[in-house]
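Enquirer: The residues making up each chain are set out below.
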Amino acid sequence: MRILYLEDEQQICRAVTRYFEARGHQLDCAHDALSALALVRRVSYSAALVDLHLGNGFEPQGPEFIADAKQIDRDLPFIVLTASDHAETEEQVRTLGVAEFLHKPIPLGVLEELLAARARRQSQGGTMRKKVLLVDDSKTSLLIAGSLLRKGNYEVVIARDGEEALSAAARELPDLILMDVVMPKMDGLAACRALRELPSTRATPIILVTTRGEPFNVEAGYSSGCSDYVTKPVDGAELLEKVAVYLG
Amino acid sequence: MKPLNDLVREEPDNPLLSRLIALEHQNREVGQRLSEAEERIGELSRLHVASQRLHGSFDRAEVLLGIAEIVADLLGSEEFALYEHQPDGQLATAMVQGALQPGHSPGRRARQVLGTGKTYLAGRDGADEDSNLAACIPLILGGHVTGVIAVFRLLPHRVGLASADEELCDVLGLHAAVALHFARERTAA
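The listed protein sequences derive, respectively, from chains A and B. Numbering-wise (our numbering), the first sequence opens with residue 1 and increments by one. Numbering-wise (our numbering), the second sequence opens with residue 1 and increments by one.
Any given hint could turn out to be false.
To be verified - Here are the simulated distance ranges between beta carbons:
hint : chain 1 : residue 1 : chain 2 : residue 2 : range
1    : B       : E167      : A       : K185      : 51 to 61 angstroms
2    : B       : D59       : A       : Q26       : 50 to 60 angstroms
3    : B       : H48       : A       : K104      : 48 to 58 angstroms
4    : A       : A244      : B       : V159      : 24 to 34 angstroms
As the list claims (entries may be wrong) - Now the stretches of chain B that chain A is said to cover, found in silico as 3 or more residues with beta-carbon under 8 angstroms:
hint : segment
5    : 22-31
6    : 70-78
7    : 170-177
What the hints assert, rightly or not - Far from chain A, some chain B residues (derived; all Cβ distances over 10 angstroms):
hint : residue
8    : P12
9    : N14
10   : L17
11   : L64
12   : H85
13   : T93
14   : G123
15   : G143
16   : A183
The set of hints was computed from the structure by calculation and includes no laboratory data. All C-beta atoms in this analysis are idealised placements derived from N, C-alpha and C, irrespective of residue type, glycine included.
Kindly generate the complete structure, drawing on both the sequences and the hints.
Expert: What follows is the structure, encoded as C-alpha cells:
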C-alpha cells in the first residue's frame, strides 16, 4: 500500500516509516498540511495517516487538511492519530466522515492491522461501491428507491428529512444524494442549499425527487443548487440512468 | 468499415455474413426481451413494496399513511379520498388529501364502484363528468366492498394510468382492505 503520513515530528515520522517499510508498505511523509495536500493532488494513496494536531504552528491543521483532501480525493480513507485529550477536535473530524482514530503513542500493531484490513477490503471489493444518500419522509419511496439503487449495486444510506440529511451527508460523505423536495423539518430545497454551503458536500451531485415537473418548480430546484431532478412516481430506468450519469 | 447490408449485397452467398445477420437479429430480440423483463421486474417490485408497506403495521393511522404514500408516490396523485362503510351501513370519510374538504362526499361514480366492486379507471372506462375522478378503487374484504379510494386528480405530468397502474390499484384495493380490517380488530381487542 502507498500511504500518506502527515506528522510534524520528524523523529516519529522516521520511526513509523521504518516500521511500515519493513512490512512492504510505502509511506510518504509530509510535515505540514500544505505539503500533504500537494502530495494528495499528485499521488493516488490507499490511505492517509493524519496527526490531528500539528505542533509546528503551520496552518491548516489536521481537520482542515482532511476537509481539503476530501475535496481532491473523495475516496481517500483517513486514519487519525490524536492525543486522548482532544475529544472536541475528534468530534469535529468525525463529522467529516472519519471513523478510525488511534490515540498516541501510536499502537503500531493496531495500525498495521487497520491498514491490512483496509487492503483486504480494497482487494476484495475491487472498486468500492458508490454510496447514495437517499432522503425521503415516505417509507414507500424509500423502499422503492432503495430497492432500485441496491439492485444497481449502490450502497444506500437513508435520512428521513432535510436536517437528518445534513448530518448523514457530513458523516457518510455519499457520492450522490437523492432527495425528496417536500419533507418535514427542513424541505429538500433548503437542505440542498445548506449542503452546498458545506465544504464536504459542495461538489456532491444532488438529484431532487419532485412531484412537480413544471418549469417554475424545476427552476427552483436548480436555484437551490441541485444537479438534476426526477419526477414522482419515479421511473426506475430513468432514475438509474441519471444516477449512472454522475457515478459512472 | 462497410455496413453489413452492403457486404451482403456484394457477397450474397457468403455463409458467414448470413450467420452474422442472423446473430444480429437474435441479439436485438434478446435485448428487447431483457428490457421488457427489467420493466416487468420494476412493476412487480412496485406491487411488492405496496403490499409490504400496507402490512407493515397494525396501527390504523400508519396503514392510512401507507395508503396515502402509495397513491401519492406510486400512482402519482396528491388529491384523493378514502371512504369506508361503517358498521351501521353509513359511509364515512376516513382520509382526504389535497384541496378536498374533510366533509367531501363521494360522487355518483364512486357510489357506483361501491356497488359493483369494480375498479374505475378514467382512460379505460370513460370520463367521470360528475367529480373528475381519475380512478376509483374498491376496498374488498372477503368478497364484500368495505370502501373506496377515490383518486381525483393525477400529478400534472402524469398523462394517465397504464395497465401496470391497474395492477397496482387491484393490489391496493385488496391489501388496504385487509390491513384496515386487522388494524380495526387490533384496536377493538
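Enquirer: Now tell me, hint by hint, if it's right for this structure.
Expert: Here is what the structure says about each hint:
1. At roughly 35 angstroms, the beta-carbon separation of E167/B and K185/A lies outside the given 51 to 61 angstroms, and the hint is violated.
2. A C-beta distance of roughly 58 angstroms is found between D59/B and Q26/A, which places it inside the suggested range of 50 to 60 angstroms.
3. One distance hint, 48 to 58 angstroms for the beta-carbon pair H48/B and K104/A, holds here, with the actual separation near 52 angstroms.
4. The given range of 24 to 34 angstroms is respected by A244/A and V159/B, whose C-beta atoms sit roughly 26 angstroms from each other.
5. Coverage of the segment 22-31 of chain B by chain A is violated. Counting CB-CB distances below 8 angstroms, 0 residues qualify, and the rule asks for three or more.
6. Requiring three or more residues with a Cβ within less than 8 angstroms of a Cβ of chain A, the coverage given for the segment 70-78 of chain B holds, as 7 such residues are present.
7. Residue count for the segment 170-177 of chain B with a Cβ under 8 angstroms from a Cβ of chain A: 0. That is fewer than the three needed, and the coverage hint is violated.
8. For P12/B, the requirement that its beta carbon stay farther than 10 angstroms from each beta carbon of chain A is met, with the minimum near 40 angstroms.
9. Residue placement check: N14/B keeps its beta carbon more than 10 angstroms from all beta carbons of chain A (closest about 38 angstroms).
10. Consistency note on L17/B: stated as away from chain A, and its beta-carbon is indeed over 10 angstroms from all of that chain's, at 34 angstroms minimum.
11. With a least beta-carbon separation of about 13 angstroms from chain A, L64/B lies farther than 10 angstroms from that chain, consistent with its non-interface assignment.
12. The beta carbon of H85/B is kept farther than 10 angstroms from every beta carbon of chain A, the shortest such distance being approximately 26 angstroms.
13. For T93/B, the requirement that its beta carbon stay farther than 10 angstroms from each beta carbon of chain A is met, with the minimum near 22 angstroms.
14. Distance check on G123/B: its Cβ is at least 16 angstroms (rounded) from any Cβ of chain A, clearing the 10 angstroms threshold; non-interface status holds.
15. With a least CB separation of 28 angstroms from chain A, G143/B remains clear of the 10 angstroms interface cut-off, as annotated.
16. For A183/B, the non-interface assignment is confirmed: its Cβ lies about 16 angstroms from the closest Cβ of chain A, beyond the 10 angstroms cut-off.
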